[in-house]
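Going line by line, the protein sequences match chains A and B.
Under the numbering used here, the first residue of the first sequence carries the number 1, and numbering increases by one thereafter.
Under the numbering used here, the first residue of the second sequence carries the number 127, and numbering increases by one thereafter.
What the hints contain is simulated information worked out from the structure, not anything from laboratory work.
Every residue gets a Cβ at the ideal spot worked out from N, C-alpha and C, and that includes glycine.
A hint or two may mislead.
[Said to hold, decoys possible] Between beta-carbon pairs, the in silico distance windows are: (1) B:Q425 - A:V62: 51 to 59 Å; (2) B:L576 - A:T120: 44 to 52 Å; (3) A:F74 - B:P646: 42 to 50 Å; (4) A:D113 - B:V313: 30 to 38 Å; (5) B:P646 - A:A103: 38 to 46 Å; (6) B:H674 - A:L52: 27 to 35 Å.
[As the list claims (entries may be wrong)] Sample of chain B residues at the chain A side, in silico, Cβ under 10 Å: (7) L216; (8) Q421; (9) V616.
These are the residues of each chain, in order.
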Amino acid sequence: MSKPESRPRREVITGPRRDVRRRPPRPVTDEIDGQTKVGQVYLRALIRTQLLLGLATVALVVVPLAAMPLLFGFWPAARELQVGPMPLWWLLLGILVYPAILAVGWWYVRAADRNEAQFTDLDEGR
Amino acid sequence: MNSLAAVGIGLTALVTIGLAAYSSRLARTTGDFYVASRSVPAWWNASAISGEYLSAASFLGVAGLIMAGGADAVWFPVGYAVGYVLLLALVAAPLRRSGAYTLPDFCEARLRSGTVRLIASALVVLIGWLYVLPQLQGAGLALNILLGAPTWVGGVLVSLTVLVVIVGGGMRSVTLVQGFQYWLKVVAIMVPVLFLLAAWQADASPSALTESVPTFREQTTMDVDTDISVSVTQPVVVVVDGEVDGGRVDGRVSWAVGEHDIAAGTTVTFAQGAAVPHVSSVRAQRGEEWGQALQGGEQHALYRTFALMFALFLGTMGLPHVLVRFYTNPDGRAARRTALVVIGLVGLFYLSPSFYGMLGRLYTPGLLMTGRTDAVVLLLPQALVGGGAGQWLTALVAAGAAAAFLATATGLTVTVAGVLSQDVVGRRVSNPIVSFRIAAAAAVLVPLALGLVAESLPLARAVSLAFAVAAATFSPLLLLGIWWPRLTDVGAAAGLILGGVTASSAIVVSTLLPDMTGWPAALLSQPAAWAMPLAMVTMVLVSLRTAHRISPGVERIMIRLHTPETVGVQRTWIARGRR
Numbered sequence: 001m002s003k004p005e006s007r008p009r010r011e012v013i014t015g016p017r018r019d020v021r022r023r024p025p026r027p028v029t030d031e032i033d034g035q036t037k038v039g040q041v042y043l044r045a046l047i048r049t050q051l052l053l054g055l056a057t058v059a060l061v062v063v064p065l066a067a068m069p070l071l072f073g074f075w076p077a078a079r080e081l082q083v084g085p086m087p088l089w090w091l092l093l094g095i096l097v098y099p100a101i102l103a104v105g106w107w108y109v110r111a112a113d114r115n116e117a118q119f120t121d122l123d124e125g126r
Numbered sequence: 127m128n129s130l131a132a133v134g135i136g137l138t139a140l141v142t143i144g145l146a147a148y149s150s151r152l153a154r155t156t157g158d159f160y161v162a163s164r165s166v167p168a169w170w171n172a173s174a175i176s177g178e179y180l181s182a183a184s185f186l187g188v189a190g191l192i193m194a195g196g197a198d199a200v201w202f203p204v205g206y207a208v209g210y211v212l213l214l215a216l217v218a219a220p221l222r223r224s225g226a227y228t229l230p231d232f233c234e235a236r237l238r239s240g241t242v243r244l245i246a247s248a249l250v251v252l253i254g255w256l257y258v259l260p261q262l263q264g265a266g267l268a269l270n271i272l273l274g275a276p277t278w279v280g281g282v283l284v285s286l287t288v289l290v291v292i293v294g295g296g297m298r299s300v301t302l303v304q305g306f307q308y309w310l311k312v313v314a315i316m317v318p319v320l321f322l323l324a325a326w327q328a329d330a331s332p333s334a335l336t337e338s339v340p341t342f343r344e345q346t347t348m349d350v351d352t353d354i355s356v357s358v359t360q361p362v363v364v365v366v367d368g369e370v371d372g373g374r375v376d377g378r379v380s381w382a383v384g385e386h387d388i389a390a391g392t393t394v395t396f397a398q399g400a401a402v403p404h405v406s407s408v409r410a411q412r413g414e415e416w417g418q419a420l421q422g423g424e425q426h427a428l429y430r431t432f433a434l435m436f437a438l439f440l441g442t443m444g445l446p447h448v449l450v451r452f453y454t455n456p457d458g459r460a461a462r463r464t465a466l467v468v469i470g471l472v473g474l475f476y477l478s479p480s481f482y483g484m485l486g487r488l489y490t491p492g493l494l495m496t497g498r499t500d501a502v503v504l505l506l507p508q509a510l511v512g513g514g515a516g517q518w519l520t521a522l523v524a525a526g527a528a529a530a531f532l533a534t535a536t537g538l539t540v541t542v543a544g545v546l547s548q549d550v551v552g553r554r555v556s557n558p559i560v561s562f563r564i565a566a567a568a569a570v571l572v573p574l575a576l577g578l579v580a581e582s583l584p585l586a587r588a589v590s591l592a593f594a595v596a597a598a599t600f601s602p603l604l605l606l607g608i609w610w611p612r613l614t615d616v617g618a619a620a621g622l623i624l625g626g627v628t629a630s631s632a633i634v635v636s637t638l639l640p641d642m643t644g645w646p647a648a649l650l651s652q653p654a655a656w657a658m659p660l661a662m663v664t665m666v667l668v669s670l671r672t673a674h675r676i677s678p679g680v681e682r683i684m685i686r687l688h689t690p691e692t693v694g695v696q697r698t699w700i701a702r703g704r705r
């Protein structure tokens, strides 16, 4: 037991301290333990799956959008296309684009959750 | 002078301050103060993010740009919304799981480098100030148009309100306030559209896609309050009282096709059906040109379109005031849900501005002459609906506009102040709350001072410059930091500096030399399309060259960023090895 007067004063913790020195790197053996083959393989697979999913999601939205100025720029007939009183351009980019990206986002969230659930199952199944 | 509009703006400011004061009593710790203890439900957090995001540039500027620019300007709202798809798909969950409070914290956690942290802090402050500036100018415009106040008044009032809110409550109060402000903005922009469209139909639905440039629908007297130069496309007879083309005129004159200078203080009266002369910064377009893509006559329009997409799609993920909000989610899954709801909320908002832009060409075409198309949302209800209903609708859009510049200015100031207090003031002042307040004052005053001297750009364009800097700096940093374990501190620093310096100097040059033409003008005024790849390639190449500096715990950090929190046990299991 420490003597009462040497007991550290109670202190209010108000935020991450920036002035403390960082802990020295862990010993090498610990690092090797830290990277068990199986764990690493699972992790790499998860990261790759999520990255591909993310890129696919982005492509699903960005490719059609990027095609719009090309289509309308190089194929002037597209400019004449109308749906009712509305030119196609305004219908697509003024209105329909918003529900479309919401749908793609919803699809992404479900797929990303599923990937993570599979990872968790794999882990627990071991 | 519209007294109901004054009431609308005043009420918004009062409710903002009131909510802040109320909720500040709930904030007890520094955690509360900065990030609301991470106890905010997803839909409310999403409302707050959207409330913070939809700035004066969205509420006023998008409609104004569409009115002036037509079909090509729809990329602004589309880009502002699509940015969240990239944020959701590539950044949201890992960033939340990193557990850092701010972007500089993320840099430090991922790269273990105080230097990169400092560079990131400087960039947060730069982007924040670039973004606040147009908010203050938007406030100045709104108060000037609606109440006749001098243009500096709006900025000063917004700065004061923001300071009261922040010094009082911190992020917790800000979350509540901004959630409220989102819903106010949506109602304020959508409800008038219904009335406007009804009045437009009652007026026999004239088309904006006409074969001529916009014309005055009735005899109109324009008060010119700054010196402007207008280009006349069809000869027109006007009644002038004031100074035109360097000479004093009082009475009827006929203007030939070409440029005419009008001095401040002049009134010009146009007859019904007269073609609207356009201010030199707005290209006169026939209605059918206006309605079609890539017809604006700008040089290298295709490049400009793609570069704008680049800046807005990628810039959103690099906006520090948006990212700080994702730490308010309880976990990575919730961060994804929040981002998804934001896509819905922001998209809902952006359905409306195009209608103001289109109807503005028919019913407030005089704005094309004064160049203040950013005011179309504020003026259209009175011009088209008119009467008592018009007054109430004006009060509503005025309240929405106030919510827009208050919400964004507050969020940005909190973020900039957080960074300043951690990395600058906090090193000299030990009490974190005091240091945060000092930093908040600095964060407000600098852009206010800049706003008094800086030339005013169209709001949505000014904001897109902040997006361009964010796209050229934080966007490659986050993409590589999250998905590529071999990013090193040196690589990140090199890319951040190169991207930040090139993008911001391009913006400075193109703003100082507005008369440039051709490729230099296009490349410098829309720098994101080359500055972002440049920064990203730099980060990759320098990182490969400095592979020995990959931070030793990177595997552990990758586990943390990419595995669900629910596998907490497995996380240590992967980290430690299960025996």
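Right, here's what the structure says about each hint:
| no. | hint | result |
| --- | --- | --- |
| 1 | B:Q425 - A:V62: 51 to 59 Å | violated (25 Å) |
| 2 | B:L576 - A:T120: 44 to 52 Å | holds (50 Å) |
| 3 | A:F74 - B:P646: 42 to 50 Å | violated (25 Å) |
| 4 | A:D113 - B:V313: 30 to 38 Å | holds (32 Å) |
| 5 | B:P646 - A:A103: 38 to 46 Å | holds (41 Å) |
| 6 | B:H674 - A:L52: 27 to 35 Å | holds (30 Å) |
| 7 | L216 | holds (5 Å) |
| 8 | Q421 | holds (8 Å) |
| 9 | V616 | violated (18 Å) |
Comparing the model with each numbered hint stated earlier shows that hints 1, 3, 9 do not hold.
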